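Protein chains: 4
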Amino acid sequence: MNSNTSTQPVAPPTYLAQYAQTRKRTVSICAPLETEDYVVQPVEFVSPPKWHLGHTTWFFETFILKPHLPEYEEFNPQYNFVFNSYYEAVGARVVRTDRGNLSRPTVTDIYQYRHHVDEAMALLLSYPHLPKEIEELVTLGLNHEEQHQELLLTDIKYILGHNPLLPPYNHSYPTAEASLNQESYIKMPADLYEIGYKGNAFYFDNEKGRHQVYLGAYELCTQLVSTAAYLEFMEAGGYKDHKYWHADGWEWVKNNQQEAPLYWHKINKEWHHYTLRGLEKINPTEPVTHVSWYEAAAFAAWKGQRLPTEFEWEAAAPKLNWGQRWEWTESAYLPYPNYIKAPGALGEYNGKFMINQMVLRGASDFTPPNHSRLTYRNFFQPVMQWQLTGIRLAK
Amino acid sequence: MNSNTSTQPVAPPTYLAQYAQTRKRTVSICAPLETEDYVVQPVEFVSPPKWHLGHTTWFFETFILKPHLPEYEEFNPQYNFVFNSYYEAVGARVVRTDRGNLSRPTVTDIYQYRHHVDEAMALLLSYPHLPKEIEELVTLGLNHEEQHQELLLTDIKYILGHNPLLPPYNHSYPTAEASLNQESYIKMPADLYEIGYKGNAFYFDNEKGRHQVYLGAYELCTQLVSTAAYLEFMEAGGYKDHKYWHADGWEWVKNNQQEAPLYWHKINKEWHHYTLRGLEKINPTEPVTHVSWYEAAAFAAWKGQRLPTEFEWEAAAPKLNWGQRWEWTESAYLPYPNYIKAPGALGEYNGKFMINQMVLRGASDFTPPNHSRLTYRNFFQPVMQWQLTGIRLAK
Amino acid sequence: MNSNTSTQPVAPPTYLAQYAQTRKRTVSICAPLETEDYVVQPVEFVSPPKWHLGHTTWFFETFILKPHLPEYEEFNPQYNFVFNSYYEAVGARVVRTDRGNLSRPTVTDIYQYRHHVDEAMALLLSYPHLPKEIEELVTLGLNHEEQHQELLLTDIKYILGHNPLLPPYNHSYPTAEASLNQESYIKMPADLYEIGYKGNAFYFDNEKGRHQVYLGAYELCTQLVSTAAYLEFMEAGGYKDHKYWHADGWEWVKNNQQEAPLYWHKINKEWHHYTLRGLEKINPTEPVTHVSWYEAAAFAAWKGQRLPTEFEWEAAAPKLNWGQRWEWTESAYLPYPNYIKAPGALGEYNGKFMINQMVLRGASDFTPPNHSRLTYRNFFQPVMQWQLTGIRLAK
Amino acid sequence: MNSNTSTQPVAPPTYLAQYAQTRKRTVSICAPLETEDYVVQPVEFVSPPKWHLGHTTWFFETFILKPHLPEYEEFNPQYNFVFNSYYEAVGARVVRTDRGNLSRPTVTDIYQYRHHVDEAMALLLSYPHLPKEIEELVTLGLNHEEQHQELLLTDIKYILGHNPLLPPYNHSYPTAEASLNQESYIKMPADLYEIGYKGNAFYFDNEKGRHQVYLGAYELCTQLVSTAAYLEFMEAGGYKDHKYWHADGWEWVKNNQQEAPLYWHKINKEWHHYTLRGLEKINPTEPVTHVSWYEAAAFAAWKGQRLPTEFEWEAAAPKLNWGQRWEWTESAYLPYPNYIKAPGALGEYNGKFMINQMVLRGASDFTPPNHSRLTYRNFFQPVMQWQLTGIRLAK
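Going down the list, the sequences are from chains A, B, C and D.
At position 389 of the first sequence (counting the first as 1) the number is 386 in the numbering used here, and the numbers step up by one without a gap.
At position 338 of the second sequence (counting the first as 1) the number is 335 in the numbering used here, and the numbers step up by one without a gap.
At position 58 of the third sequence (counting the first as 1) the number is 55 in the numbering used here, and the numbers step up by one without a gap.
At position 27 of the fourth sequence (counting the first as 1) the number is 24 in the numbering used here, and the numbers step up by one without a gap.
Chain A on its own, in the form it takes in the complex (with noise of 0.2 Å):
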C-alpha cells in the first residue's frame, strides 16, 4: 500500500528480519500468561489473548499464503470461520461476544497454527525477488499485528484488572514516566496547516490524502493533565455535576455509577488503581490514564478549556511532549478529503469505522516501537475507556 522504493539490494531479508521480530514480540507478550488467561472475554470489547494469537496469524496465511504461495497447505479450514474478524468479504464472522465461549482451539493448537504459518512465510519471504505486492501486504500485515499487540496488552490488562485476585502481570513492569510538574501553553497562529501523511514509510489509508486545514489561532498544554489534577476534579464533585457533562456523558455517569476512571478502587479512603504489576496507590505526578472521552469532555468543560481537534493536534505536536497516552480529541473519526477505499477485502480496512468514533493522537506505553507517528489516527467510542487514555487541555 506504500512503496519501498529503497536500491538497498538487502531488502529480502529485511522483510524475514522484521517479520520474525515482529511475530516474536506478540510471544513474548503474552509469555507471563496462564494457560487460563488465553480464554476469556470478560466484555465484548475484550478479546481473549488466543483470539488475538490466531487472527494475526489468520492474516498472513489468508491474504498472503493462500494467494500467493502455491505449495501452501491451509492448517485447518474451520480456522477461517473461528479467526476471522470484521472482515466481511472474507467470510462470515464469529459473534465477537462468542469469542470467550471457545475452549478449542487450544492454545497449544494456535502456537502450533503460528509455528505452521511462520514457516511458510519464512519459505515465501526467502525468494529472491519478492513481487512489490507481496512486500506491501508483508507490511500491512506486519503494522496489523502491532496493533493487536497493543490490544493484547489492553485486554491482558482488563482480564487481569477484572478477576477478584488482581493478580500482577508482571512485577517488574516500567512504570510510565512520571514528569508532569510544570504546564505551560504553546502559542500556534492561525494559518494553513497541511495536515495528513507525507513520506515514504507505511501508513494506514485513513492517513492519506495530505491536505490543508485552516486553523484560528490557540493554544495547547504542553504537558497532559495530572493524576492530581483529576483527582481534584473528582473531589470538587465533577461526577456529581451534569452542567460539565454532553447529554450522553450524564446518561453514562448514571447509569453506570462512573465516579473515577477505570481501574481505581477506593480502600481504605485512598485510591488505589490496578496496573500491570497488580494493585497500586495512585501516582500523582502520573499522567491521568483509562479515562472515556465523556470524562476527558467534563473535565476540560470544569476547567473552563476544551480538548483540541486531530488538526490542532498534528500541526503542534513538533513542539508537544506526547507518547505516553493516547489523547482524545475533540474531533469525530470521518475521511480526510479524497478518501478511497481500497477494492476488496482489505478495504474495508479502516473505512468501515468512520462513524460513531472520536479520533486519538499520540501514542500510548503499550504501543509498538516505531509504530506511531505524527500523523497517526487511533479511533474508539467516546464510552471507552480501557486504553491507556489522557487528556490534553486546548483553549
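Keep in mind the hints are simulated off the structure, nothing from the lab.
Take the hints with a grain of salt, since some may be wrong.
Which copy? The list can't say, so a pair holds if one copy fits it or any two copies do.
As the list claims (entries may be wrong) - DSSO-like, lysine-lysine: derived pairs with alpha carbons at most 30 Å apart:
no., residue 1, residue 2
1, 21, 300
2, 184, 237
3, 263, 205
4, 263, 392
5, 300, 338
6, 278, 21
7, 263, 251
8, 392, 300
9, 205, 392
10, 240, 63
11, 263, 300
12, 195, 240
13, 129, 195
14, 237, 251
15, 237, 263
16, 195, 63
Here the structure is a predicted model, which means the values were calculated and not measured.
Position chains B, C and D against the provided structure of chain A, taking the given hints into account.
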C-alpha cells in the same frame, strides 16, 4: 441572544404579534388530531403531542414569566416536573420513555395551561419598554417552539403511520414538489470559505463563531436523490451487500431487517408509503426521504460518491436547490471554534448534544416558514429515519 | 343495552337481562375516566381501558354474532386484529406491548362498536328458542366480561397510581371493610376432601373434574394478614434478609429494590398508599394488599408458617372469612385430573396458562358480584402485585 | 485422595473410603478435558468445570473443616468468594454470569486446593470416633458432589457441543441402551399412595415427609418416547402449531426459532445430534432427549395424552423401566407437607428453589451410580434442555 437594533417604535407590538402567530400555528398543527392521538408515544424518540404543547408553554412560564412578571401565578407547580425536557439545570427530568404513560394532565388541562400562559405573556409583551433581555428570551422561546412545530409534525406522522389503521392526518395535505428530472453538478473551487452565522437576526448558539474553513475543490449535485434512484439501489441489492455500509450501519440493517426507508410497505409487489394523506404509491420523481445516515452513506458508496461536509454544503448552498428535505452531511455535530456554552439552564441548549450525532443542513416541508437558513445546523443520530431526511451527493 | 322489564320467568329474557346488566356495569366502571385514561399502557401486563372495552365486545362478535346471526354485519374487519387477545386460533395477535401505542380506534369509535354489537346481541337474544350452545356462549362471554371488569379496575388503578399527579378515580370509592382485630386458627382434620366444581351454574373449565384430595391435618388462620403485621415484617428487616425469600424472590427484591408493597410511598417518614380515592395514609387494621407471591411467602417464612395449598383453602373456605383480597396459595396452577381442553379457539381459554403461575383463591373488592365461588381458581405469575392480593397463613 | 484399605467393617474407614471414591470420580470425569475446557461458560446456566471442582471442595472446607478440624489452615481466604454458590448465608456470591470470566485461580491452583482439602479430610475422617454430625455433613457433601458430577457432564457436553469444531469428549463414550421397540401401558388403580422417602439411607430434605396422596385410576406408558416418535411430531408440524403448546412455550418456540431438541443439526437433509462421542446421526430407537418441559408437554398434547404427576410416577415406578433419562412431570416443584428448612446455611439447600420449576423423576446416563432412587426429586425450569431429559406419557 441576538440584538434587534431596529429604531422603529413598533417593536413591542411586533413581539406580541410574533408570539401570537407562532403559538397559534402550533395549535393549528394539532387541529386534525383526535384526543387519543395526543397521548401515545410509540417509541422513545417520539414525544406525545400533548407533551410538545405543554413543554413549549413551560419554556415561557419558566424562563420568562416566573422571573420577569412579578404578578404571575404558576399554573400548576407539578407541571415543571412533567414538562421539563433535557434542561438538567432546572430540575429532575421525566424519563423520556415515561411520557407516553401519562394520561394526565389531560389535553384540555394543557390547552388551559397554554391559555393561562398566553394571557400572561400578552400582558408582559404589552409593556411599553420591554427590556432587551426579555426580547431575546421571547425570540429564543419562539424559535424553540418552531423547532417543536417540526417535531410535532414528524411525531404525528410516526404515531398515525404506525397505527394498523393507517389513518390520514389530512386528506388534502400538499405533496412535496416533485421536479427531480435533471441532475447536474456545480463545481466549487478550492478556497478559504467563511462559515457560520453573520447578520442581525436570530440564530442558535451552535451557528455562532463565523470562521474560515479551507475546502479543496469539490462538486455538489444540484438535485437531491430521487425515489427512483433509491429504488434502483434497493433493486440492485443495496441492503444485502455489506460493502456499501459502515460497520455500525450493517449491524443496524441486520438487527432490524431493514430493506427500505421508513414508512415504505410493499403491497401486492408495489411499493407504497405512508404520507400525511394516508397510504399512497411511492412517487419516483420525488426526493427520497425517511432514510437514516447509514442509508444515505450506503447509497452514496454504491454510486461511488459521498455525502458533502456541512462546510461544503454551506459554501455552495446559494447555488443549490434546497429546502424540501433535510440533507445528511458527512460532518459530525461538533462545536465551532470558540464555541462557549451560555451560563445557566439555557446554556444547555445545544452544546450538550455535541457528540454521537451527525449534522443535517437545509430544511424540510415540515420546517416552519423562515425557520431555516444557510447556516442552520440540524443534528440527529445516524440511525434516525423519522425526520424528513434526504440525500445529496458530492464528489 | 336496553333493559328488558318483562316479568315472565322464561329463559330468553333472562339472558338478555343478564347481558344488558353486565355490559352496563363495564361502562359504568369507566364512567369516571378522562378520554386520555383509556389510552395508555404504562407496563406490559396492564391493558388500556379502551382495549378492554373493545376486546370484550369482540368476543361476542367473533364467537356468537358472526357464526350465529346470519344478518350480522361486522363493524370493522380490522378490529379483529386490534382486539384479539391470546386466542391464537382466531388470528394474528397484536403484541401486548403495542396496545398502548394505538390512538385509533378512538374511545368514541369503540363505544359505537359496543353499541353496534349490543344491538345485534339484543336481536339474537330475543329469539324465542335460543339454542343451548348460544346460551352457553353468552354465559361464557359474560363471565369473560366480568373477568375484564376486575382487570379494568386493577389496570385503571395502575394507570392513575403511576401518574405523577396521583389523580383519584373516585373520591368516594368505598374503603375495604377493616375488621382485622383478632386472629385465630381453625383446625382441619386429615381426610379425603372433594375438590372442584359441583353444581349446575357456570364454571370455568379449570374448576372442572371434581376429585378427591387427601390432606393431612392442618390449620388455617381465620383472618388475612393485616397491614400492621406486614409493617412489622418490614420494620424487622424482612426485605433485607435473604433467608426469608425464595432464590427467585430475592433476585426480584434486589433487582427492583423492593421494600414495600405496590403503591406504598414513604412521605415525611410515614407510609401512605395510593387508593382509588387518591393518596392516603395506610390503615393498619386493613388486610395488607398488592403483595407478590414472593412477598407473601417471605412474610409466612418470617412468621415460621406457610401459605395454604389451594386444596386446603377450598376444603376450609366455608369456615373462613374471605372475599376482600385474593389469597396467594402454595399451589402451582396445573390441570385437575382428567382436564381436557375444549376443541377450537375457546379451548385455549385456560389450559394454555397452566405453567409458571400460582393459584389465588377467594375474591377481592374489585371482583364482580357473584363472580367468585369456593372452587374458583385465579392465577398469576409470582411476581405480580397489581391485583388486590393478600396473605393468609397456614400451619 | 488416598485410599484406606483397612479391612475392618467399622464406620470411620467407610466414610473415608466413600469420600475418596467420590472425589476421585469427579476428577476422572474431567480427565479428557483440555485446560481451556475448564474455563469457559457459554451460557449463564452452565458453570465452568473448574468452578465445579472448586465449589465442591469449598463445601467440605466451609461446612466441615473450618468448623470441625481445629488445626485446619484455610487454603486461600478469597476462594470463599470465588467458589461460593447460592448459599447466601455464607457470604457474597459471585454473580453466576461472571464465572466464565475468571482465568484465575488456574486449573492447577484448583487441583492443589482439592489436594489440600482432601488431605485435611483424610485426617479428620481417620478420627476414631467421628461425631454423628460430621458423618451427616460428609454424606451431604458427597451427595452434593455427586449432583455436581452430573452437572459437570451436562456442562461439558454443552461447552464442547457449542464449539464450532464439535470436539468429542471421549470417542468411546458408551451409547444409551436403545431398546424402545414395544410400548404398553400399566394400569394403576385409584388409591391412597404413600409418597416420600422411607428408610435409613441418605435423602435430600425435599424428599422428606412421607405422606399420603390420593390418586384416581391412571395409566403410564412403560417406555419412554422414542426419537422416532418425536421425529414424527416434528414432521407433522408440531413446532408450527400453537395449539399443542402452552402460551409461554409458544413464546419460547417463536423467540428462539425452536424446531428440534437441543444438539440436533440438520445436515444434508438428515438429522444429526452432538453426543459425547462427537456428531452422529440420530438413533430412532433411542429415547428422545434434551427436550424442554414445553416440548415434552406439546408432544403429549399432540398425542392426546399428558405427562404424569410426580406422585403417579413414584407410585408406579417399581413397575416401570426407568433410568436412562430424567422424566419431566406435570408437577411443580413445591414443598411436601410439613417441609421445614434446616436452620443456617445448609437450610438453603433445596427450599429456596421451590418456585418456578418443574419436577423431574428417574435418573439419566449421567447420574452417578446409586445417586437416584424412587423418591428423588430433580427440578429445573420448564425452558431447560441441557439435562438428559426425556418424556413418558400418561393417560
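- Hint numbers the structure violates, sorted upward? Per hint list: 1, 2, 3, 4, 6 and 16 violated.
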